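With chain F's structure known, arrange chain R on it following the hints.
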Amino acid sequence: MLKTGALQDAIFNSAYFSSIATDEKGVIQIFNVGAERMLGYAAADVVNAITPADISDPQELIARAALLSVELDTPITPGFEALVFKASRGIEDIYELTYIRKDGSRFPAIVSVTSLRDARENIIGYLLIGTDNTARKQVEAQRAMLDQRLRDQQFYTRSLIESSIDAIMTTDPQGIISDINQQMITLTGRPRDELIGAPCKNFFTDPVRADAAIQRVLTENKISNYELTVRAANGEETVVSYNAVTFHDRDHKLQGVFAAARDVTERKQFERALQEKNIELEHASRMKSEFLATMSHELRTPLNAIIGFSEARKDGLMGPMSDTQQEYIGDIFTSGQHLLSLINDILDLSKVEAGMMTLEVETIDLGSLLANSLSIVREKAAARRIRLELVSGVTLGPTQLDMRKTKQIVYNLLSNAVKFSAQGGCVSLHARHVPRAVVGTMAGEWPVHNFELAESAYSDFLEICVSDTGIGISREDMAKLFMAFSQIDSSLARKFEGTGLGLAMVKLLAELHGGSVAVSSAVGLGTRFAVWLPLREAAGVMGVAAGAATDASASAPAERTALLVESDDRTADLIRQLLEDEGFVVLRAASIDAAMRLALKNPLNLITLDNQLPGDGGWEFLLNLREHSALARVPVVMIAGPSEGNIALTGGAAGVLQKPIGRAQLKASMFDLGLQPAAERAQNVLVVDDDPKAVEVIAALLPPPAYTVARAYGGAEAIDMARRGRPDLILLDLLMPDVSGFDVIDALRRDLGTARIPILVVTAAQVTAVDRAALGGHASAIHIVDKTNFDRASFIAEVRHALKPL
Amino acid sequence: MARVLVIEDNPANLRLASLLLCNVGHEVLAAVDAESGLAIARCERLDLILMDIQLPGMDGLAATALLKQNSATVDIPVIALTAMARKEDQEKSELAGCDAYIAKPLRYREFYAAVDSLLGRSVAR
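Protein chains in written order, with the working numbering: chain F, 1 to 806; chain R, 1001 to 1125.
Just so you know, the hints here were simulated from the structure itself, not pulled from any lab data. Just so it is clear, the structure is predicted and the values come from calculations on it, not from any experiment. Check before you lean on any hint, since a few could be wrong.
[Unchecked claim] Result set (PhoX-like, lysine-lysine): computed pairs, CA atoms no more than 25 Å apart in a straight line: (1) R/1087 - F/288; (2) R/1087 - F/407; (3) F/102 - F/137.
[What the hints assert, rightly or not] Covered by chain R, per the in silico footprint, the following chain F stretches (three or more residues, Cβ under 8 Å): (4) 303-310; (5) 313-321.
C-beta atoms are modelled at their ideal positions from N, C-alpha and C, and glycine is treated no differently.
Bound-form chain F, shown alone:
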């Protein structure tokens, strides 16, 4: 008993529980230590003075009374009754309430109420045990706040998803839709509950493709810009760009796919419109080209009569005329020609613009191409006392270019320059090799107008420059220069007859090569045009070189190579000319290093060396040569100052030429070295005739050892043999079936390797003046022997003559 009493005391006096006992009216009888601590009253303040209702929140009491009244269906007064009513009915009652401390502050409490009864079960009072609920309340408040925050977060995320312009959905790994946004509802035209839980592929026109998209996401974790077409409930189709990623839980377990589908209908429509427009434009362009081709034909038909009659009349084919008539008919002919060149230019331009003109690259001899181009304008230039200059600073040699188009470029520039130069002016043509970085730049003070060079791998370019001392072009006008039909000043156009297409053509042709053009000019001083064409590697050069190494004798006869080592361009040009006249193929090096490189790479028959190269280079080079077994035997001719001859000879030079160098001097030196032109050696002659008897007749006239004769019985065979054997001379019949002599000449003249082989035409047919004209157009190396009027002596004379160097 004592023990129990002590325990009861301990509980009752616990500081952590408020124990308040009242009488049956509610007046406080006991107020323990816990209650004193929690509520701030001393027991003496409250015992027999107040009820627990007086230290409770009155508002809560009112609310509780009302609640209980409803619950128990009996009116309960807000006051102490509200606190204990349930307990008074024997119902255990635990509830939350807010106590008010003595200082007016409040705290939440959980109160357990029990009624105290006597032996006869009459209520004698109530016990209210309360615990301070503040800490728990705080935890709850915190959790509530976190919950709210989470809800806010979710709302935010949801808003983001909903506000997206893309239709968004999530699916499980099987492709079953688990969530969607409003845009998805709009896109599919279906309500949310129809979409969620359905396989997403159902809503695309191509379910297989849609399924494949999901499979791809699952295997690759994402998919981008996958095109699908959504079919809405009303059948409307929308092309979408589908982007999706997989999403995983925190344990990296695959949860599903998050997909966004963007409506690209508009873009698609735009693209389609663009495509249609392109087709339309292509069609228009083709129509234009066809139209131009037809027009060109239609225009050529009447021109045929104009040019044909006027030329025949002009040249006296229809009898004599008075001078005035001659002049007028000449005008008709020239105008007809002009009209024809206009038509050709227009056709060419349209071809390039329509992408129908292709590049036909071949190995061409640039030097002769430039010289030929100059000779075409020579007459016009001479008529106005305009001086023409050709300056090619370096070894140009064989170059990979489209011959016809390059010629057209050079000719257009030259004829422009001559046209716009004043009487007594000067037009010069420069050519050199430049690195890519130089393309588009022009030396001098004059303003430059250039164009961007197309991307390419070419690192070296051929620069062709045409300068004139003409009227010049203003800075503004330079921009218009390369556009078709833009002869800048229409009054100029009247003064300087032209098509206005020349420069546009030059630009297009240069660009077709992968090159570019530029102009620099100063009004009144002159104009310089530059064209850059990429230097292509010769196709098959390696193969040729290898062939030459194994069978050097095959290509030997006609080809002798000289290396010209000279730093001064003018001197180099002079010596090159002289050497070429002696029949050498000339390689030029401007420095010792370049010379050594060339010498080691090319089989050489001769080296000419200027001893006035910068530094002591010339002598050093001479000594170095002697150390290479392959080069030690190559004769070296020193080009020396007047007093250096003897030193050169002791240094190992085979001969010395003293400046200034003349032709006779060089010839003599070549003779001394046994390097005289081919005519003085045994000669390889190729005889071409479809009649074997005729071949033998001619072969009999060319006995060994002076001659060795190769035989060809058709044009094609002749071309082939000439290319392989490089004979010193070709005796050619003109009238052969299939490939005629004309064709042979044409083919050989186009090929750099055979272009220099002299050809003697031997023909039974009456060679008309016209034939002669046709042949003469090819090269000066062609002589004609008439078979019908044939005697041995004159034939041999012709052969000898033909074998002489040009």
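For chain R alone, kept in the frame of chain F given last:
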């Protein structure tokens, strides 16, 4: 000298070709379309035919192909004369069996060269 048939629908161009041929002593027969040209080729002895390619009705290429398929006319050399000056036009004419090709506007030197060359060849045979 030689008998030459000129098939050409443009009267001025027909006169020009005739003039150039007569000038050097050839005898000229003329047709203004391929059909009548073929008829002449079948019944006349000819040394050469000048064939315009663009003709009303059958074109010159078809007419040449017919000539070259017929043993009676296969040996008559044909020079195509056309204002279609493209390379492929020349190739087409070769395919059809033309022995030479001259682009309009024709220049008499080239014209004579082609005529002489083909006449020389057919005479040699």
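Given the proposed pairing of residue 1087 of chain R with residue 288 of chain F, does the C-alpha separation stay at or below 25 Å? 19 Å, holds
Taking a Cβ-to-Cβ distance below 8 Å as contact, does the segment 303-310 of chain F have at least three residues touching chain R? holds (count 7)
Decide if the proposed pair is consistent with the structure: residue 102 of chain F and residue 137 of chain F, CA atoms, cutoff 25 Å inclusive. 21 Å, holds
In terms of beta carbon proximity below 8 Å, does the segment 313-321 of chain F have 3 or more residues touching chain R? As far as the segment 313-321 of chain F goes, the hint holds, because 3 residues have Cβ atoms under 8 Å from chain R.
What's the verdict on residue 1087 of chain R and residue 407 of chain F, does the C-alpha distance respect the 25 Å limit or exceed it? Distance ~18 Å between residue 1087 of chain R and residue 407 of chain F Cα, so the pair holds.
The structure meets every hint from the earlier list without exception.
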